[in-house]
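Using the sequences and the accompanying hints, generate a full structural model.
The residues making up each chain are set out below.
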Amino acid sequence: DAMVIQNPRYQVTQFGKPVTLSCSQTLNHNVMYWYQQKSSQAPKLLFHYYDKDFNNEADTPDNFQSRRPNTSFCFLDIRSPGLGDAAMYLCATSKFTGADTQYFGPGTRLTVL
Amino acid sequence: KQEVTQIPAALSVPEGENLVLNCSFTDSAIYNLQWFRQDPGKGLTSLLLIQSSQREQTSGRLNASLDKSSGRSTLYIAASQPGDSATYLCAVSNSGNTPLVFGKGTRLSVIA
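Residue numbers (the working numbering), protein chains in the order written: chain A, 1 to 113; chain B, 1 to 112.
Keep in mind the hints are simulated off the structure, nothing from the lab. None of these values were measured; they are calculated from a predicted model. Glycine included, C-beta positions come from ideal geometry on N, C-alpha and C. Worth double-checking, as some hints may not be accurate.
[Claimed, not checked] Lysine-lysine pairs mimicking BS3-like chemistry, simulated, CA-CA at most 30 Å apart:
1. A:Lys52 to B:Lys68
2. A:Lys17 to B:Lys42
3. A:Lys95 to B:Lys1
4. B:Lys104 to A:Lys95
5. B:Lys68 to A:Lys44
6. B:Lys42 to B:Lys104
[What the hints assert, rightly or not] Stretches of chain B that chain A covers, calculated by requiring three or more beta carbons in the stretch to come under 8 Å of a beta carbon on chain A:
7. 11-22
8. 33-43
So this is what it looks like as structure tokens:
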């Protein structure tokens with residue numbers, strides 16, 4: 001089945017140790033998104049790619065970076081994780097624009113020790 | 001700046017009841033509105049998408065309505081089942097190119 005896949009599902013890292021989260025999609029969608037979601041909170045958009053065009057949200061900390069080497073893959077890099085970065089990280093895709101139906105992966109739960 | 005509010009934050013109902021979840025947004029000039037379901041510890045699943053020109057969308061036991069002028073949407077769930085227990089989030093897009101703005105969701109528990 002076509003889908004959005006995130007690896008790993010659970011990630012534990014130490015304070016300040018860089019970590020990379022991975023997302024892949026078989027939907028061949030143009031747009032890929034990274035959201036951060038903390039407990040009982042709305043998903044917060046960090047950035048998105050429209051094809052290779054990178055769009056950073058104004059309030060996304062510099063500590064968060066992203067790469068999209070091809071249509072299928074997108075990575076979230078956290079350069080120096082702090083305790084406040086512990087959250088669920090959700091990857092999503094949409095076919096053309098932000099207003100299209102978004103398809104989400106299962107998420108990666110990040111724990112920072 | 002668009003803000004999306006969902007009330008109540010949590011709702012518990014007995015199995016078989018019909019129920020309504022509410023969503024309100026501050027800027028009525030939306031492009032579309034989407035309803036999602038999120039199971040604990042999981043990603044989001046899209047349920048319904050309503051374009052700004054539409055009044056409602058239906059899928060099975062789910063019916064979503066949109067009143068743009070008043071900045072409100074409702075998600076109606078008929079004959080609720082324990083498997084409907086999840087958090088339901090609504091999200092709006094203000095244009096074809098702007099990302100979604102999400103509410104915090106309503107956590108629904110359907111008791112057998």
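Are there hints from earlier that the structure breaks, and if so, what are their numbers?
As far as the earlier hints go, 1 and 7 are violated by this structure, in ascending order.
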